[in-house]
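Heads up: the sequence lines are chains A and B, in that order. Start counting at 1 in the first sequence, then tack on 6, and there's your number in the numbering used here. Start counting at 1 in the second sequence, then tack on 103, and there's your number in the numbering used here.
Among the hints, erroneous ones may be present.
[Claimed, not checked] Far from chain A, some chain B residues (derived; all Cβ distances over 10 Å):
1. Leu242
2. Leu377
3. Arg380
[Unchecked claim] 25 Å max Cα-Cα, derived DMTMM-like pairs, lysine to aspartate or glutamate:
4. A/Lys210 - B/Asp250
5. A/Lys150 - B/Glu382
6. B/Lys167 - B/Glu350
To be clear, the hints were calculated from the coordinates, so they are not data collected in a lab. Even glycine gets a Cβ: it sits at the ideal position worked out from N, Cα and C.
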Amino acid sequence: MIATIQAWFQQLYETTGFNFTVFYDPYDWDRYVAGLRMTLLLGITTILASLVIGAVGALLQSGPSRLLRGLVNGFVVLFRNTPPLVQIFFFYFGLGTLLPDLRSADGLRAPILSNVQWAIVSLSLFAGAFNVEIFRSGIEAVPKTTIEAAEALGYTRFKAYRHVVLPLALRVCLPALNNNLINLLKTTTLAYAIAVPETLYAVKQIWSESQNVLEMMLVLLATYAVLVGLLVWVMHRWERALRIPGYGR
Amino acid sequence: MSALDPNRPGDLPVLLPFALADHRPPARLRPAHLWLLTGLALVAVPAWAQGGAAALSPLEVVIKWAPLLLTGFAFNVAISLMAMAIGTAAGIGLGLAMLAEGRVLSRLAWCATQVFRNVPWLVLLFFVMFLVPFQVTVLGIRVPLPDWIKATFGFSLPVMANVAEIVRGAVRSVPNTQWEAAESLAFSRRQTMWRIILPQCAKRMLPPWMNVYSLIAMATVQASIVGVTEMLTLTAQVHAAEGGRPELFAPLYGFALLCFFLYCYPIDRLTARLERRFETR
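Let's have the full structure, built from the sequences with the hints guiding it.
Below you can see the structure in the form of structure tokens.
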């Protein structure tokens, strides 16, 4: 099966000149798959982390402490209105070099966070800032009477938030959340700039060695179309599964 | 879509479930935050300044190079404005094509919109940078295409797709009765679109359009990855020119962050204000 596919692409190259090296050269294929795996790792970890940041931020923003509210507001405003690429540079070069180094086992200096980890941190913070706003709008859509009912049943503020407000708010803000998470998946390409070996980086390496820019561009476009399409499909299914009975059609 | 949709035929507003109005304004800067930032700066700057005795302090470096960096920033703004102009013109066309009567045309336009909306901007930028030749021959005259023009074109592709979606959404949100009224007054489809529907849509489209602009202004720094000399490229060059001291990274990139923040934050506030004013509920 694999051999026939490889043979077909090899033949395609010999007859038409379309050089899809990834599909017949095992070395390029491995690099491409490694890049894809890195993109998936970045996407999944940042999606989860940004959801946590959004939930915690929204909780603090509706909390009693004025200082915390102000800090969360400042965080949201700052991260929403500055370019994510500059944020990544600021974190990786700016903060990464200011932090003290660790000594690795063989005595070499190693930074506390690698470029992959810094990419995850800064992308999560970037998307988390948007999630705070999205969750806040969802929380405000939960009727006050529902919260009062939860309080009357003896829920503490945190428990009412966890068991009543958040599940309802999540359903209200899912469409906006979908948009943001899809945007986050697309933003992971920016990790390219600090040499995280994700799909774009791997594909660039392949095309600069094999001189097949157009073919690899097409592979790249198709890859992201599939990845984003997959996420859209999953999120739409989730949206339908979490539908509040009695609302919508 | 949520159930709270007053545009749905058959649902009178009184029949809809009770919804709380959005009272709290979204996150915004207050004087207290500015004091906080000033305080942080006052604490941070002397701390950095103690680092190098002979070399310039980070603050002095930023002040020394600010004119150059701001020129770079102006270039970013110029790229974003041009990309926005091209993208908006193309996007209105694409959006109208999506609404066209012909099934083939509207399907094609829909596919184009989905592709350009869903592919990462950086990938589109690479696409344009590598596949568009560096000069084209028009009528025997060789027209050079410098990097920044190609980048502008690359940025106008996602703008086009997003504007197309905005146009489609706005036209769809106009009540059907408007179309019927126009038809009864013997307006043709084209006349209805240009004289009745689109003028009403203009003010609905303004806030999301400004959002797209804010996003594209922030995206222009990505041009540095493909080698266009704009603010981020200049920042890296300035850093190298100052000896590549690691403690300079944070202030220099912080300055870039500040420039974009000061440019995009007013747009964000204005967008939120317009959104509240045009709310139709």
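Hint check results:
no.	hint	in the structure
1	Leu242	27 Å, holds
2	Leu377	17 Å, holds
3	Arg380	18 Å, holds
4	A/Lys210 - B/Asp250	18 Å, holds
5	A/Lys150 - B/Glu382	23 Å, holds
6	B/Lys167 - B/Glu350	16 Å, holds
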